[in-house]
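If you read the sequences in order, they're chains A and B.
Take the first sequence: its letters are residues 1 to 142, numbered as in the numbering used here.
Take the second sequence: its letters are residues 1 to 252, numbered as in the numbering used here.
The hints are simulated quantities; they were obtained by calculation from the structure and are not laboratory data.
Please note that a few of the clues may not be correct.
[As the list claims (entries may be wrong)] Pairs of lysine-lysine residues, derived as BS3-like cross-links and limited to a Cα-Cα distance of at most 27 Å, are as follows:
(1) B/Lys20 <-> A/Lys54
(2) B/Lys20 <-> A/Lys62
(3) A/Lys40 <-> B/Lys31
(4) B/Lys127 <-> A/Lys54
[Stated by the list, open to error] Computed Cβ-Cβ distance ranges for the label pairs, DEER-style:
(5) B/Tyr228 <-> A/Asn64: 36 to 42 Å
(6) A/Arg85 <-> B/Cys29: 48 to 54 Å
(7) B/Lys238 <-> A/Gln29: 56 to 62 Å
(8) B/Cys29 <-> A/Ser66: 42 to 48 Å
(9) A/Leu93 <-> B/Cys29: 43 to 49 Å
(10) A/Leu43 <-> B/Asp227: 52 to 58 Å
(11) A/His75 <-> B/Asn188: 52 to 58 Å
(12) B/Met67 <-> A/Phe56: 34 to 40 Å
(13) B/Asn188 <-> A/Lys79: 49 to 55 Å
(14) B/Glu17 <-> A/Leu93: 21 to 27 Å
(15) B/His159 <-> A/Gln29: 33 to 39 Å
(16) B/His159 <-> A/Met82: 33 to 39 Å
Beta carbons are placed, not taken as given, at the ideal position from N, Cα and C, and that holds for glycine.
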Amino acid sequence: MNTRGLRSQLKDSVPVTGLGTQIGAYGVQDTLRSGFSSVKNELLPSHALELSEKNFQLNQDKMNFSTLRNIQGLHAPLKLQMEYRAARQIQRLPFLQSSHLALDTLKGNDESISFEDILNDPAQSEMMGEPHIMVEYKLGLM
Amino acid sequence: MATLSVCQQPIGGFSFEYCKRNAVLEFECNKLGHSIPAARKTGTTICGVVFKDGIVLGADTRATEGMIVADKNCSKIHYISPNIYCCGAGTAADTEMTTQIISSNLELHSLSTGRLPRVATANRMLKQMLFRYQGHIGAALVLGGVDCNGPHLYSIYPHGSTDKLPYVTMGSGSLAAMAVFEDRYEQNMEEEDAKRLVRDAIAAGIFNDLGSGSNIDLCVITKGKVDYLRPHDMANKKGVRRVHELEALPRP
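Take these sequences, add in the hints, and give me the full structure.
In structure tokens:
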């Protein structure tokens, strides 16, 4: 699936907007939650792979859908994306761990293991999400 | 993080949070004249050859950490599937984790298809993963196995390019081993000849390269049978001195 030309990959890849800052109230950076900011941190990636890894899954999906559209017509990616959206909507509240089982089965991730499953397991995360703040953030009330 | 609470769920995979901090620490350390500890590499000689009925893979057993030998008898031939084995050179942790991940993926894949996995599948999985990380995963691999289409041997470089060849060598001692191969390789060798050739190639790497040493491990893969010979030959026995040096040279 990775045999397509690199040029088309670069042209159509999903752009990365910001690098890790969270916009708090009044449009400035939320110092309490994400620390002090500097212009260099916001503009430059800290590692060569940071940009490509951030949107890797999105770029892969985009490539696959466009190939599917070229081969089988518009209906094929439309149906798949509709199923993905439906499976993504049924989750637990933000601070609880959801299994994403339906979404994983649809995408085929239940039959493969990669670094996302081994490193930085969200279930072992050392930081707790405070329930009220996470729900407010998800609803956009923050 | 400034506080102990987060707004979004953490996602798995590589985290680049501390890269800038590490770069600053390294700069400060170098300013004081020290260097940060180096990752353990396997400055290695690994090689593989295709013979009449299958594949012979060979590797030395020394792991280095800068100028120090970190492990005198490490195992560099990793299991991928019952009919596929892989030798790894480069950063030891990278080769270990990469081969384990690919082995798990191949197991899931073969359970899903119901067939014995093919070497080309393992090759493609490895090259796609290594290309995704643009060479930052320092794993140079020699992948060999026997499947329904016969014996196959691939060499895989850290940036994701692969070669399918009848004989390959990788690692810091690869030139010494390749010299032996270029001199004595023939098509359709017998098993004993192939084992002797690989043993001599690894011995050339051990004696002519500082990064390789200790024993020689061999792995002979044929249709339905795998011989994992560890150690096959102890080229550098501790306490045995130059008296036996002539015996360790390749036989004519």
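For which of the previously enumerated hints does the structure constitute a violation, in increasing order of number?
Violated: hint 2 alone.
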